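Quick note, the sequences are listed as chains A and B, same order. Counting in the numbering used here, the first sequence runs from 1 upward without gaps. Counting in the numbering used here, the second sequence runs from 1 upward without gaps.
Think of the hints as simulated: they come from the structure by calculation, not from any bench. On a predicted model such as this, the values are computed, not experimentally measured, just so you know. A couple of the hints might just be wrong.
[As the list claims (entries may be wrong)] Going by beta-carbon spacing under 8 Å, a handful of chain B positions derived as facing chain A:
(1) PRO30
(2) ILE40
(3) PHE87
(4) GLU88
(5) VAL102
(6) GLN104
(7) LYS113
(8) ASP207
We put the CB at the ideal spot given by N, CA and C, even for glycine.
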Amino acid sequence: MPHDNHNSPNDESSDLPDEMTLRVKSLETILTKKGLIDPKTLDEIIDFYSNKVGPQNGAYVVAKSWTDDKFRTQILKDPDKVLKELGFFGRQGEHVVVLENTTEVHNLVVCTLCSCYPWPLLGLPPSWYKSDEYRSRSVREPREVLREFGFNIPDEQSIKVWDSTAEIRYLVLPMRPEGTHGMSLEELSSLVTRDSMIGAGNPISPGRTDE
Amino acid sequence: MNKVHDMGGREEKRRIPFISCADKSEELSPTHWTSRTLAITLAMGFLRVWNLDSSRFFRESLPKSEYLSSSYYKRWFLALEKMIENFEIFSNDNAEKFSNKVLQPEEVCKVLKKGSPSIRSKKELPTFSIGDEVLTRTNFKNVFFNGGHTRLPEYAMGKKGRIILYHRAHVYPDSNAHFKGEAPEHLYTVEFSSEELWGKSYPNRKDAVTLDLWEPYLKKANEAK
Chain A
1 MPHDNHNSPN DESSDLPDEM TLRVKSLETI LTKKGLIDPK TLDEIIDFYS NKVGPQNGAY
61 VVAKSWTDDK FRTQILKDPD KVLKELGFFG RQGEHVVVLE NTTEVHNLVV CTLCSCYPWP
121 LLGLPPSWYK SDEYRSRSVR EPREVLREFG FNIPDEQSIK VWDSTAEIRY LVLPMRPEGT
181 HGMSLEELSS LVTRDSMIGA GNPISPGRTD E
Chain B
1 MNKVHDMGGR EEKRRIPFIS CADKSEELSP THWTSRTLAI TLAMGFLRVW NLDSSRFFRE
61 SLPKSEYLSS SYYKRWFLAL EKMIENFEIF SNDNAEKFSN KVLQPEEVCK VLKKGSPSIR
121 SKKELPTFSI GDEVLTRTNF KNVFFNGGHT RLPEYAMGKK GRIILYHRAH VYPDSNAHFK
181 GEAPEHLYTV EFSSEELWGK SYPNRKDAVT LDLWEPYLKK ANEAK
C-alpha cells in the first residue's frame, strides 16, 4: 500500500523515509566503527521485542485472573512477584500495578509526558498511544477519546485515567465477557485484546458461535 | 508556560490517529529506521553515560517546532544525536572507557528481562499516608537545574487530591536527570477528581485522573501555599 495520506506528525511513516533511513544508518555505522554498538546486538533487541514479549503476556495474566481466584488475588496484591515467576518482568515493567475494571469503574492508561507503557506485558506501545492527540486529550476528555475507539462508557460507570508519570506501569484487567463459561485458558486469552488491557476497548465477546 | 512535551489537557482538536493493521509502520522490523533507532538507543544506554531520566530530558528539550513535527522515533533519534554530541561520545579519550561496557548480543535477553528497578531505600519515613488529602505545588520548578526535568505535569499543579497508593521511595528524576544523584524520594499515586482538574464544566462528577508523584511535588492540603 503506498503511503500517500499522512497528515499526523505521529505517524512514523510521515517523515521522509529516505532521509531518516540514511541518517539512522550512518549513525549506526559510525557507532559500530567506534566499537560502541554491535549490529547483532541491535538485531537481538528487535527480535526480543518482536517475538519474546507482546500482548500475549498480558492476555495470559488477564485470562488466568478470570479463571483462577487465587491468582487474581495475588496479581492484584503483589504483581511484581507473580510477574517475575511468570517471566513477564523486565525493562519498563519493573513496578506493575494491575487495575481491575468493574461495573462501577473503568480504567484507562496514558502517559502524558512521554509514552510510558508496560513493555514486558504488552510489548511496545501502538502509534496511537504515543500520539500527541492521545497524550493531550485522554486526561481531559476520556469519554470522547474512547468514543473514537468505538467504545462507549455508560454515564453511570466512572472513568479513572492513570497518567504514568513515574516508573509504575499499569495493566488493566478487563471484565470477563459474557458467554465464556467453560472456556479454556487459551480460548480466553485469545479474546483479550491489547487495547482492552490499556482500557481503550473491551475484550472480544464470543457472541453466537456457529454450530 | 509548559514545555512542549507536557501534553496533558493541552488544547487539541485532532482525532486520535489510528493506523490500520495493514500499515507496517506500527510493527517492528529488523531493518526499518524506527526499529533501528529504538535498538541503538537502548544499546547506547548500557554504556551508562546517561540515564533514563536524562534521555527523557534531552527528548523534551528539543526545539518546540522540531518536537511537534517529528514522529515518536524521530524524537528519539534527534535526542540521541544531541546526547552523543553533548557527552562527547566520539572523543578519543572515551573509546577505551567504553570497551568493556558494550552490550553483547548474547546478553540482550538477560538484561531486558532484568530491567532496572527504580525503587530505593530511604531512611526518612514518608510524610503522607494512604487517604491523606494533599495539594500539588503551584508553579513547580526543578530545583537542581534551571529549566530542568520534572515529572509533575502543569495540568496537575496547584490541585487538591488524595493519596491512594504508596510505592516506597524511588529514584527522583528531577535530580537524576541532571546527574545530581538518585536522591530517592517517596512516591505516591494521587487521585484527583476530573472536576478539580478541569473545572465545573467537566460532565461526569465521579470521573478521576491519577498521577504518580514524588513527595517534593506535594504538600499537606491544609498547609498555606
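Checklist entry - Against chain A, with CB atoms and a cut of 8 Å, does the hint on PRO30(B) hold up? => result holds, 5 Å
Item to check | PHE87(B) as chain A interface residue, shortest Cβ-Cβ below 8 Å | outcome: With a minimum Cβ separation of about 12 Å from chain A (threshold 8 Å), the hint on PHE87(B) is violated.
Checklist entry - Taking the least C-beta to C-beta distance, is LYS113(B) closer than 8 Å to chain A? => result LYS113(B) check passes; min Cβ-Cβ to chain A is 4 Å, inside 8 Å.
Item to check | Status of the hint placing GLN104(B) at chain A (closest C-beta pair under 8 Å) | outcome: holds, 6 Å
Item to check | Restraint satisfaction for GLU88(B) [CB to CB of chain A, less than 8 Å] | outcome: GLU88(B) check fails; min Cβ-Cβ to chain A is 12 Å, beyond 8 Å.
Next on the checklist: Min Cβ distance, VAL102(B) to chain A: is it shorter than 8 Å?
Outcome noted: holds, 6 Å
Item to check | Hint status (Cβ of ILE40(B) to nearest Cβ of chain A, threshold 8 Å) | outcome: holds, 6 Å
Next on the checklist: Can you verify the interface hint for ASP207(B): is its Cβ closer than 8 Å to any Cβ in chain A?
Outcome noted: holds, 5 Å
When held up to the earlier numbered hints, the structure conflicts with 3 and 4 and fits the remainder.
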